[in-house]
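**Student:** Here is how the chains run, residue by residue.
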Amino acid sequence: MIFREVEDRDLILQTRKGKVEAYNLLISRWEKRIYNYVLRLVRNREDALDLTQDVFMKAYQNMNKLDDVERFGPWLFRIAHNETFSLLRRHRPDRVELNEAIAEDPGSSPFESGGGRLLPLELSVAVTAALTRLKPEQRETVMLKVFEGFKFEEIAEILETPVSTIKSRLYTAFDLLKDVLAPAGKQLGKTV
Amino acid sequence: MSDIDLKAYLFGELAEEERRRVAAQLEKDPALRAEYARLEQTQAMLGFVQDEELPRRIAFVSDKVFEPSWWQRFLASGPQLGFASAALLALAMVGHGWLSRPVAPVMQAAKFDEAVVRQVVAAEVSQRMNDVLRQVSNVPNSDVKTAQLIAIAMKQAEKRAELDRAADRLTIEENFNLLRRLISRDQVASYQRPAGER
Chain W
690 MIFREVEDRD LILQTRKGKV EAYNLLISRW EKRIYNYVLR LVRNREDALD LTQDVFMKAY
750 QNMNKLDDVE RFGPWLFRIA HNETFSLLRR HRPDRVELNE AIAEDPGSSP FESGGGRLLP
810 LELSVAVTAA LTRLKPEQRE TVMLKVFEGF KFEEIAEILE TPVSTIKSRL YTAFDLLKDV
870 LAPAGKQLGK TV
Chain B
63 MSDIDLKAYL FGELAEEERR RVAAQLEKDP ALRAEYARLE QTQAMLGFVQ DEELPRRIAF
123 VSDKVFEPSW WQRFLASGPQ LGFASAALLA LAMVGHGWLS RPVAPVMQAA KFDEAVVRQV
183 VAAEVSQRMN DVLRQVSNVP NSDVKTAQLI AIAMKQAEKR AELDRAADRL TIEENFNLLR
243 RLISRDQVAS YQRPAGER
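Note that the protein sequences, when read in sequence, are chains W and B.
Residues 690 to 881 in this note's numbering are what the first sequence lists, from first letter to last.
Residues 63 to 260 in this note's numbering are what the second sequence lists, from first letter to last.
Derived by calculation from the structure, the hints in this document are not laboratory data.
Since this is a predicted model, take the numbers as computed values, not measurements.
Certain hints may be false.
To be verified - Pairs of lysine-lysine residues, derived as BS3-like cross-links and limited to a Cα-Cα distance of at most 25 Å, are as follows:
#1 W:LYS840 / B:LYS69
#2 B:LYS69 / W:LYS824
#3 W:LYS747 / W:LYS706
#4 W:LYS867 / B:LYS90
#5 W:LYS721 / W:LYS754
#6 W:LYS867 / W:LYS840
#7 W:LYS840 / W:LYS824
#8 W:LYS824 / W:LYS856
#9 W:LYS708 / W:LYS721
#10 W:LYS867 / B:LYS69
#11 W:LYS856 / W:LYS867
#12 W:LYS708 / W:LYS754
#13 W:LYS824 / W:LYS721
#14 B:LYS69 / W:LYS856
#15 W:LYS824 / W:LYS754
Said to hold, decoys possible - Pairwise CB distance ranges (calculated):
#16 W:VAL695 / B:GLU97: 42 to 52 Å
#17 B:GLU114 / W:ALA871: 25 to 35 Å
#18 W:ARG718 / B:ALA154: 39 to 49 Å
#19 W:ARG778 / B:ARG119: 21 to 31 Å
#20 B:ARG119 / W:VAL695: 13 to 23 Å
#21 B:GLU114 / W:ARG778: 19 to 29 Å
#22 B:LEU150 / W:VAL852: 38 to 48 Å
Every residue, glycine too, gets a C-beta built ideally from N, C-alpha and C.
Go ahead and model the full structure; you've got the sequences and the hints to work with.
**Tutor:** Structure follows, in C-alpha cells:
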C-alpha cells in the first residue's frame, strides 16, 4: 500500500478554496484509472483522452456539489460514465479501434489461432478482446467491479441503477467471460 | 448449490456469517469447488489486462474562469463563515445598544444648539456687515486704513494751528499793552517838566 501524505479529502477541500495545484495533484492520482475506464468503453485513445479531460473539468466545476468527500471516487466515475455514454450515444458506430478484428467476429475465439503458451501481453490482448464481446453495460460493470474494485452499492451509485440490476449484469457477464476464456484458462494453467 | 452465491463470495461482497457458510460448503462440495475454481481463474485472467499510460498528462492551469467565485469560496470556508457570523452578531449588539440608548432632554439640546447658532450667526452677520461696508465705500481694506490715518493727521494739524493762533493772539495783546504803558509814561513825564522845557 502506498502511503499518501495528503489524503484525497484534503485535496478536495483545498480545491474548493480555489487551489488549482491541489486539484492537479488529485488529477495525477486518478487520471490513469479514469482514462483506462473510458478507453475500454469508447475504444479510441483520442476520444478517451478528450473525455478524461472533460471529466476532470466537470468535476472541478461541480466540486461544491460533492456531498461526501469520502465518496469522491464513485462520484468521479459517475461523471466519467455520464460523459462517456453521452459521447457514445452521439456517434457510436464509427468509433472502433482496439482489437476490432477479434471483437467483430463473434464466432472465433481469441485463443484459437496461437495454440502455444500465451505470454502475459498476449493474454492481456485476448482478455480485452473477450471483454469487447460483452454488451457495453455488462463490460462497464465488470470493469467497475474487477478493475476498479468498487462495491455493488458504489457501482449502483455510479451507474444510477439498482443493486439487483448491477448484480444481474455482472453475473451474466462473468458467466460469458468464463466460457470465452476457458481455453486460455487451460493455457494459463500451463503457464503459471 | 443454488442458494450459494459464489460470485458474491468471490467478490468479497458477503457478510461474515454468510461468507463462513459458503466456505464450509466449498469444503464439502467438490463440484462447487470446481465451479469456484473456474470463477477464480476468470478473475485472474481479467487481471492480466494492462492499463495504458496517458498519451499526455492532464493538468489545469490557474485560470480565473474555472476558479470558484468569491461567495463559493466564502461558503466553503468554515473559519471565514464563523468570523462573519461573529461580526454580524457583534454588529447586531452594537446596533441594539445604539437604538436603546438613553435620550437627552430636548431643552438641553435646544440650549446647546442655540448658543452655537448664536455664535455662528454673529460671526456670519459680522462678516456680512464688513462685506457690505466694503461694497458701499468701494474701497479696499488697505485704503480704509490710509484714510483713517489721514483723518487723524488732519485733526492733529488743526489742533496745532489752533494753538499757534492762540499764541499769536497773546503775543499781540502783550505788545499792545507794552505800547500803551510806554505812551502813558511819556504823557506823565511831560506834565511833570517845567513849562519852558516842554
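**Student:** Work down the list of hints and note, for each, if the structure agrees.
**Tutor:** Going down the list of hints, with the structure as the test:
no., hint, result
1, W:LYS840 / B:LYS69, "holds, 13 Å"
2, B:LYS69 / W:LYS824, "holds, 19 Å"
3, W:LYS747 / W:LYS706, "holds, 17 Å"
4, W:LYS867 / B:LYS90, "holds, 23 Å"
5, W:LYS721 / W:LYS754, "holds, 24 Å"
6, W:LYS867 / W:LYS840, "holds, 21 Å"
7, W:LYS840 / W:LYS824, "holds, 21 Å"
8, W:LYS824 / W:LYS856, "holds, 15 Å"
9, W:LYS708 / W:LYS721, "holds, 22 Å"
10, W:LYS867 / B:LYS69, "holds, 12 Å"
11, W:LYS856 / W:LYS867, "holds, 16 Å"
12, W:LYS708 / W:LYS754, "holds, 17 Å"
13, W:LYS824 / W:LYS721, "holds, 23 Å"
14, B:LYS69 / W:LYS856, "holds, 9 Å"
15, W:LYS824 / W:LYS754, "violated, 31 Å"
16, W:VAL695 / B:GLU97: 42 to 52 Å, "holds, 44 Å"
17, B:GLU114 / W:ALA871: 25 to 35 Å, "holds, 27 Å"
18, W:ARG718 / B:ALA154: 39 to 49 Å, "holds, 45 Å"
19, W:ARG778 / B:ARG119: 21 to 31 Å, "holds, 28 Å"
20, B:ARG119 / W:VAL695: 13 to 23 Å, "holds, 19 Å"
21, B:GLU114 / W:ARG778: 19 to 29 Å, "holds, 24 Å"
22, B:LEU150 / W:VAL852: 38 to 48 Å, "holds, 46 Å"
The structure does not agree with numbered hint 15 stated previously, though it agrees with all others.
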